[in-house]
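Build the full structure now, drawing on both the sequences and the hints.
Here the protein sequences come in this chain order: A and B. According to this note's numbering, the first sequence holds residues 155 to 650 in order. According to this note's numbering, the second sequence holds residues 1120 to 1612 in order.
There's no promise every hint is true.
[To be verified] In silico DSS-like pairs for lysine-lysine, Cα to Cα no more than 25 Å straight-line: (1) A:LYS528 with B:LYS1147; (2) B:LYS1480 with A:LYS457; (3) B:LYS1147 with A:LYS527; (4) A:LYS513 with A:LYS528; (5) B:LYS1491 with B:LYS1480; (6) A:LYS528 with A:LYS435; (7) B:LYS1481 with B:LYS1569; (8) B:LYS1491 with B:LYS1481; (9) A:LYS513 with A:LYS265; (10) A:LYS527 with B:LYS1286; (11) A:LYS528 with A:LYS457; (12) A:LYS457 with A:LYS527.
[To be verified] Here are the simulated distance ranges between beta carbons: (13) B:GLY1278 with A:GLY649: 56 to 64 Å; (14) A:GLY220 with B:VAL1329: 38 to 46 Å; (15) B:VAL1329 with A:THR514: 33 to 41 Å; (16) A:GLU212 with B:PRO1189: 18 to 26 Å.
Everything labelled a hint here was simulated from the structure, so no lab data went into it. Backbone N, C-alpha and C define an ideal beta-carbon position, used for all residues, glycine too.
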Amino acid sequence: MISPEQYPVLIVVTPLLSAFLINILGNMDKRFCYPATLLALAGSLAAAVGTLCRVANEGVIHYRVGGWPPPFGIEYVVDHLNALVLVVVAGVALVAAVASKRSVEEEFPHKITQFYTLFVLLTTGLLGMTITGDAFNLYVLMEIAALTNYALIAMGGNRALMASFNYVVVGTIGACFYLLGVGHLYIMTGSLNMADIMTILPSLYGTNAILVAAILMLLGAWIKMAFFPLHGWLPNAYTYAPSATSSLVAPLMTKVSVYIMIRVMFSVLGATYVFTVLPVKELIVWLATAAIVGGSLFALSQKDFKRMLTFLIVAEVGYMVGGAWLATERGITGAILHIVNDAVMTLCLFLFSAIVVYKTKGHQLSNLEGMFKKMPLTMTAFAVGALSMIGVPPTAGFFSKWYLILGGIDAGQWQFVVALLFSSLVNAVLFFRIFEIAYYEPHSDHHGHSAPVAIDEAPMSMLLPLAVVAVAIIMLGLYSGEIVTTFIQHAVPAGI
Amino acid sequence: METVVSIKPLLASLVSLVAVIPIVLSGKRPNLREGWTFLAGLIKLGLVVSMLPVVLAGGTVQYTLWEVLPGLAIAFKADAMGMLFALIAATLWLVTSAYSIGYMRGLHEHSQTRYFSFFAVALSATIGVAFAANLFTLYLFYEMLSLATYPLVTHHQDGEARASGRKYLTFILGTSIGLVLPAMLIVYSLTGTLDFTAAGILSGTTTKTVIVVLLLMFVFGFAKAGIMPMHGWLPAAMVAPTPVSALLHAVAVVKVGVFSIFRILTGIFGVDLLRTLGLGETLCVIASITILAASLIALSQDGLKRRLAFSTIGQLSYIVLGAALLSPKGMVGGLLHIAMHAFGKITLFFCAGAIFVATGKKNISEMVGIGKRMPVTMIAFLIGSMSVIGIPPTGGFISKWHLLLGTLEADQLPMLVVLLSSSLLNAAYFLPVFYRAFFCTAEESLFPAKIEEAPAWCVAPLVLTALISVGLFFNPQPFLRLAEMAVQFCVGG
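This is the structure:
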């Protein structure tokens, strides 16, 4: 039996080693890849859940990789914030992997081995970024996640190649910014360990070097999360990515980047520095407002379903960045809660999009015609995700929006409150437009007495994950209070 | 005051939601399927009635299902006001289900399983609103009702239904997200709670300006109440099959709107606060504009259901007016009108549907002489009209009587004039329908003199509701008692 002491490292090591194993197994027989991937991710999820329980009971866990003491060795730090994010990342990756089977077989039957190897490596990168307490180690894993991501997106062929290249350029700039920021911090403090930096930093608050470091690191994170107006790379990359890729990266990539931003804000630079010394608080909330409004409006103008979803991601990033920069307890709580909720909601929508692509060979809005009759269960599960995006109780989306709006009221940032409500209304229009398309049959101006439509549900391997996610959205909503009191309230910096 | 903790209010709401599963599963066997609807309806009514003695004795039945966030719980409370509404909704669901069978089968409608499923969901939401113990729970069920009624309103799935469905959602969802949600958040931000209490929760927390803004956000935000200019969805929603219009757009949905307003005014703002700030008058003006304008528009409508729709819009504002008078008698009248108007108006809608099933006619101008062909239906129509106008011996008289007394009590003579002129207008748009149905020469009549009513499943319910309308004149209990208790509770004796 593995000791609970080792859970933190197992979260990362299990998928890392499995990635190599999957490559070897896949070269023997590619049918091994899928089960091996599921096993690896399930193992990682189990370790993450175990860690989450430990954090809930014991508080913050420090794990020294290889036994080296910090600040010299790499330290894994699991606190109330990333314990939660780790479970989300591992959980979403597992569900996305389960649902990927048919899409992968359909879209690139000759690259199954490569796909799953990269898939697991990407998950490793995301988990590693989340768990580490070392600013430079974070950069390394950021690159692992990014490089695998570029390749996974490029598997979409044709237009995906160009989109991926575009993403490579912008993503590399983002990672470089982050690295430069870390470099500045290292020069000034001589340390790469986040907790260590944070204790050294207050005496250096006034210096330009720290100012530059802060701005570079935050800019890096913003580019990576496609924060308006740095979002240009995202819509194409996620639209043209293969279904199985977008189900993994769309829910996770931006959310982990938001997590990194929050980590940098509160665990590296410190809340005092970012909210009182840095003069950008108001500006960021305004930019977040613009992200929400802009993302919503762009989403409204799309005819392509998947592309519409990508613009919604841009808007949702605005929710979280804005919430974190409101500098109020409820705003930050909302932002963190929304990382969890939005990951699950986005997963729901992209799993549905994968089903649409699998069933109709396209992802235009018109591909959805008559879906309610053909796939009642699939559509019901999708409807739960859609209602959560709109923010209808008791789905998860309602409660994070609840905190975010209250945070906005507390901070007196009314433009942000209005933007959130506006986005809810736009989402209502967007999703009810889809419901309408899916509800009315293609040619029914004759009082709907058409021939009975045969029920043609999505295959089990796709429907079941979607249903699980839909249930999770409602459960997360109902347990919002528990999540906030057990985890998130400890993650909000004291004295705000 | 006795407080009973029991899961019954939750069950009363949930039973029809659970019934959706057997309804869907027995979709291929219509008789069994409708059996489930009736079973759920009976259990629902039974549960509601079983709580009646406690409530009539001055107690409440409470149940907290789940506290999601601190101060934000899904909680139920059956008190006099909620009981009044739940009793009406549960009774009329049963009646409407019987009528639905006659109507939907008579017209060989498609997708009847979907129809009965969403009907059950809608009723679940209605009872949820009635028994909601706080604004959050109310909002949750309010939204659930909006969503569950969409497939009912757009049942025909043709171009017209699509357009009406859009209008419906724009009004209903637009206002609930755009106005009620932020208002609710501001209230929560100010007070840290959303519970309905006897004296309201907003008193002493903020300035008059904020109170006024919140009041307007709530009153117009609950667009289901159809206060102008938020009424546009109601006539459009008449594209729905008639039983839907009958139950949802004369009883459940629209009454959920006014009930919510009633709850907000008494439980969140509090009668005293509104009195002190003199906001009753403002609301009276808003309500009376709708009353008069809707009645005038109703005069010019030829579509029978559209005329009924505008009549409903006017009558709903009676209820709002009753609350706005802030006088005990007026509020009793308002609450009582929820019941009286429900029975009267549902009769009228049933008649409109019966006429459509039997003859295919929708317009009033095509109904000359129809009384000779469908005498039972048209006499029921007369009784329904009388109740809505407020002529004895019908229940409508009792509620209007209280409303009129309320205007005197509150010293609001202009409102007395509004109510009386509206009654005249009501008579002017309803009585000609009845008159032309019976009193015409043989040449003018568009129908042969042979009696040919709609199927019995259609006729029996409308006779029943017409009889209840008359019966309520002679014995308005338990509704009157419940209304008085509810008012006593929030006015504080």
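Verification of the supplied hints:
1. A hinted pair counts as satisfied when its Cα atoms are at most 25 Å apart, and LYS528 (chain A) with LYS1147 (chain B) qualifies at roughly 17 Å.
2. Of the pairs offered as hints, the one joining LYS1480 (chain B) and LYS457 (chain A) is violated, with about 41 Å between alpha carbons and a cut-off of 25 Å exceeded.
3. About 15 Å separates the Cα atoms of LYS1147 (chain B) and LYS527 (chain A), which keeps this hinted pair within 25 Å; it holds.
4. About 11 Å separates the Cα atoms of LYS513 (chain A) and LYS528 (chain A), which keeps this hinted pair within 25 Å; it holds.
5. Taking the CA atoms of LYS1491 (chain B) and LYS1480 (chain B), the gap is near 15 Å; set against the 25 Å cutoff, the hint holds.
6. Restraint check for LYS528 (chain A) and LYS435 (chain A): not satisfied, since their Cα atoms lie roughly 49 Å apart, outside the 25 Å limit.
7. With a CA separation close to 20 Å, the supplied pair LYS1481 (chain B) and LYS1569 (chain B) stays within the 25 Å bound.
8. For the hint linking LYS1491 (chain B) to LYS1481 (chain B), the alpha-carbon distance of about 17 Å falls within 25 Å, and the restraint holds.
9. Only pairs whose Cα atoms come within 25 Å are accepted, and LYS513 (chain A) paired with LYS265 (chain A) is accepted, the gap being roughly 21 Å.
10. As the CA atoms of LYS527 (chain A) and LYS1286 (chain B) are separated by approximately 23 Å, the hinted pair is consistent with the 25 Å bound.
11. In summary, the hint linking LYS528 (chain A) to LYS457 (chain A) is supported, as the alpha carbons are separated by about 22 Å, within the 25 Å threshold.
12. Proximity of LYS457 (chain A) to LYS527 (chain A) is assessed by CA-CA distance (about 22 Å); at most 25 Å being required, the pair is judged to hold.
13. Take GLY1278 (chain B) and GLY649 (chain A): their Cβ atoms lie about 60 Å apart, and the range 56 to 64 Å holds.
14. A hinted range of 38 to 46 Å for the beta carbons of GLY220 (chain A) and VAL1329 (chain B) is inconsistent with their spacing of about 59 Å.
15. In this structure the supplied range 33 to 41 Å is violated for VAL1329 (chain B) paired with THR514 (chain A), their Cβ-Cβ distance being about 51 Å.
16. Under the hint 18 to 26 Å, the C-beta atoms of GLU212 (chain A) and PRO1189 (chain B), about 25 Å apart, fit the expected range.
Of the numbered hints stated above, those contradicted by the structure are hints 2, 6, 14, 15, listed in ascending order.
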